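Student: Could you build the full structure based on these sequences and the hints that come with them?
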Amino acid sequence: MKKKVAEFDIEYYQFLDETGKPLSDDLPDFATDVELLTDMYRRMVLYRAFDKKAVVLQRTGKMGTYAPTMGQEAIGTGFGLLLEKEDVYVPYYRDYPAMFCHGVKLEEIYHYWGGDERGCDYQGPKEDFPISVPIATQCLHAAGIATAIKLRKQKRMVAVSIGEGGTSEGEFYEAVNVAGAWQLPLVFFINNNQWAISVPASAQTGAETFAQKGLASGLPCIQVDGNDILAVHHVSKLAFERARRGEGATVIEALTYRLCDHTTADDATRYRDTDEYNDSWKREPISRLRNYLVSLNAWNEEREIALEKEVNQEVEAAVERYLTVTPEPVEKMFEHLYETLPEAYENQVELAKIFGGKAHG
Amino acid sequence: MAEITLVEAITLALAHEMKQDKDVVVLGEDIGANGGVFRATDGLLETYGPERVLDTPLAEAMIAGLSIGMAAQGMKPVAEFQFEGFIYPAMNQICNHAARIRNRTRGRLSCPAVFRAPWGGGIHAPEHHSDSPEALFAHTPGLRVVIPSSPARAYGLLLASIRDPDPVIFFEPKRIYRLVKQNVEDNGEALPLDRAFVLSEGDDLTLVTWGALVHECSAIVNAYHKQGVNIELIDLATISPIDFDTIAESVAKTGRCVIVQEAPQTCSVGSEIAACLAEQCLTDLEAPVVRVSGYDTVMPFLKLEKSYLPSVDRIKASIDEVLEYA
Ligand SMILES: Cc1ncc(C[n+]2csc(CCOP(=O)(O)OP(=O)(O)O)c2C)c(N)n1
Numbered sequence: 001m002k003k004k005v006a007e008f009d010i011e012y013y014q015f016l017d018e019t020g021k022p023l024s025d026d027l028p029d030f031a032t033d034v035e036l037l038t039d040m041y042r043r044m045v046l047y048r049a050f051d052k053k054a055v056v057l058q059r060t061g062k063m064g065t066y067a068p069t070m071g072q073e074a075i076g077t078g079f080g081l082l083l084e085k086e087d088v089y090v091p092y093y094r095d096y097p098a099m100f101c102h103g104v105k106l107e108e109i110y111h112y113w114g115g116d117e118r119g120c121d122y123q124g125p126k127e128d129f130p131i132s133v134p135i136a137t138q139c140l141h142a143a144g145i146a147t148a149i150k151l152r153k154q155k156r157m158v159a160v161s162i163g164e165g166g167t168s169e170g171e172f173y174e175a176v177n178v179a180g181a182w183q184l185p186l187v188f189f190i191n192n193n194q195w196a197i198s199v200p201a202s203a204q205t206g207a208e209t210f211a212q213k214g215l216a217s218g219l220p221c222i223q224v225d226g227n228d229i230l231a232v233h234h235v236s237k238l239a240f241e242r243a244r245r246g247e248g249a250t251v252i253e254a255l256t257y258r259l260c261d262h263t264t265a266d267d268a269t270r271y272r273d274t275d276e277y278n279d280s281w282k283r284e285p286i287s288r289l290r291n292y293l294v295s296l297n298a299w300n301e302e303r304e305i306a307l308e309k310e311v312n313q314e315v316e317a318a319v320e321r322y323l324t325v326t327p328e329p330v331e332k333m334f335e336h337l338y339e340t341l342p343e344a345y346e347n348q349v350e351l352a353k354i355f356g357g358k359a360h361g
Numbered sequence: 001m002a003e004i005t006l007v008e009a010i011t012l013a014l015a016h017e018m019k020q021d022k023d024v025v026v027l028g029e030d031i032g033a034n035g036g037v038f039r040a041t042d043g044l045l046e047t048y049g050p051e052r053v054l055d056t057p058l059a060e061a062m063i064a065g066l067s068i069g070m071a072a073q074g075m076k077p078v079a080e081f082q083f084e085g086f087i088y089p090a091m092n093q094i095c096n097h098a099a100r101i102r103n104r105t106r107g108r109l110s111c112p113a114v115f116r117a118p119w120g121g122g123i124h125a126p127e128h129h130s131d132s133p134e135a136l137f138a139h140t141p142g143l144r145v146v147i148p149s150s151p152a153r154a155y156g157l158l159l160a161s162i163r164d165p166d167p168v169i170f171f172e173p174k175r176i177y178r179l180v181k182q183n184v185e186d187n188g189e190a191l192p193l194d195r196a197f198v199l200s201e202g203d204d205l206t207l208v209t210w211g212a213l214v215h216e217c218s219a220i221v222n223a224y225h226k227q228g229v230n231i232e233l234i235d236l237a238t239i240s241p242i243d244f245d246t247i248a249e250s251v252a253k254t255g256r257c258v259i260v261q262e263a264p265q266t267c268s269v270g271s272e273i274a275a276c277l278a279e280q281c282l283t284d285l286e287a288p289v290v291r292v293s294g295y296d297t298v299m300p301f302l303k304l305e306k307s308y309l310p311s312v313d314r315i316k317a318s319i320d321e322v323l324e325y326a
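First to last, the protein sequences are chains W and P.
Counting from 1, one number per residue, gives the positions in the first sequence under the numbering used here.
Counting from 1, one number per residue, gives the positions in the second sequence under the numbering used here.
In short, the hints are calculated from the structure, not lab data.
Keep in mind that this is a model prediction, so the values were computed, not measured.
One should not assume that every hint holds.
To be verified - Restricting the straight-line Cα-Cα distance to at most 20 Å, the calculated cross-link-like pairs of lysine to aspartate or glutamate (EDC-like) are:
id, chain 1, residue 1, chain 2, residue 2
1, W, K353, P, D296
2, W, K353, P, E189
3, P, K306, W, E335
Stated by the list, open to error - Facing chain W, a subset of chain P residues (Cβ under 10 Å, in silico):
id, residue
4, A15
5, V25
6, E29
7, F86
8, A278
Backbone N, C-alpha and C fix where the C-beta goes; we use that ideal spot for every residue, glycine too.
Tutor: Structure, rendered in structure tokens:
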């Protein structure tokens, strides 16, 4: 005997075409919520200005290596705005937009890449995890937070992000698996920007989508145009509602493109086709939303100019706070190692004070 | 013979061995078209093709596990981990399997693999990119641990590591990847994996170090030499097993020893050397053995990185203390 015992689908969501024109009349309710949409737009423009500035800071020797987020702004902004204050966000290193939406300050990210641990000490979202550089590790932390929330029968939820390359790590699969087994209030966002440094997405897996990596754990899996913020926001809403209702986790793959080098230490021209890169600018998320806003008569040149000025001021103010921070004294490298530093450390702290001096750039 | 950097010497050794031994394959993240993030595998894909230069999916446990399987089949995988901080996901495979497969099969299977990774601090890299975890591996029986400190030693030691029938952790001091150039002949001559290198001879004090700090220590030794103090400088290079004989011979002459390392002090390779000296050379010693180490805390983000790593001043202060001890 032979019969089909299971069957799966992956749905793809997109509402706006590359130029910002609706693909059909079937749009989500919020597609006419001009206040929300202009907030999304303002944020994406701000986050891109923040990002460009970070690269400049690195290039001028004022910051360390930096991983830009150019091109991926719609993903984090699209779901970040849906996070409630009491939710927990667990980011990968390229997802500043969602972090900012959840209350991380611009300068905190500058501090982080500037080589200052205070860049992980978020003043806003006190329960959020800092950026995770060891790839995929954060997925299990998110599952753990979701477990705590579930065991305590709270109404909150957790979101976690990762790159498509990162989904090759065992820890990603382990997290997705336990999220399915335990119906955790957790949403996974796979930022598929097509490249893991020099390795194309097609070399990471034999599967057609990265979303389907959640199927084997029993999770609903969705693919979305990650450059269409309406679509990202919509699918995130569905997934968040499901999580809040206690129905379990979702895996969302957001298709986008890394419109930048992997980091400021990388040179993507070594491995990436220039035509592919140039072509990808056509699908870029910010102008798409602007065109859509213009079609709603909710945006114009005048507002654009005003916004540009506003975001530049906001970024400059963050840069100012970053550059003028008092460096930490050398003994800070011990202070938070344990809640109370063991006595055994006395000698080393003294030694560090004698030879250490203070932090340098 | 060409003047090359340490990272170029790595590439040269890989290319040499791939040419003369068809079983040698390299694998890792971004090692193909990109030539590795430090370009250690630059050009190998063009020469040897995608069946010998494997750009892998992004998964370190997988890279280590695959290497073990391939090695058991008689291949000679040389795996690259992008940074030493990302070898941790592979610890299970390396410590539980690579290190043990020969012993637990009583020699039926073995693991002639090399696990390479850029290692150590000092390049202002992001978090998790500057650790010195050599002691974790030195503490694991069945592994060899090697850290070269010059282009020539990188070339000879990597050849030896690839040819060695057992698993080798090969840590490359990234801070000096491009610091100095040296004439290196591509003659296929390996260096021994169980010999430390005496870089300068002296009767007054033995200075033991490895990795990038060899360069600061060389300069220090020269400075003392001008003042009439002769320091014997030893580049440990083969971290495990340790060539303790070379150190003991030196200390028999000098009676004084300072050990300099980037890694945290507790349970470090320096601790092992100090313990061996206490056990075997007590009567030769004229002063306490001193370790100059990274502090027993997490490698700080880049702003405090320099304060963490042993500085020239700190090393000199310890040398003076040991020299002055009566
Ligand atoms: C465990 C681990 N291995 C390797 C690295 C080095 N590394 C940093 S980013 C990266 C590629 C990640 O690609 P992807 O997950 O697709 O995300 P993207 O950077 O493209 O956003 C690699 C290999 C790391 N940070 N952590």
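Student: Are any of the numbered hints broken by this structure? If so, which, sorted upward?
Tutor: The structure breaks hints 2, 4, 5, 8; every other hint is satisfied.
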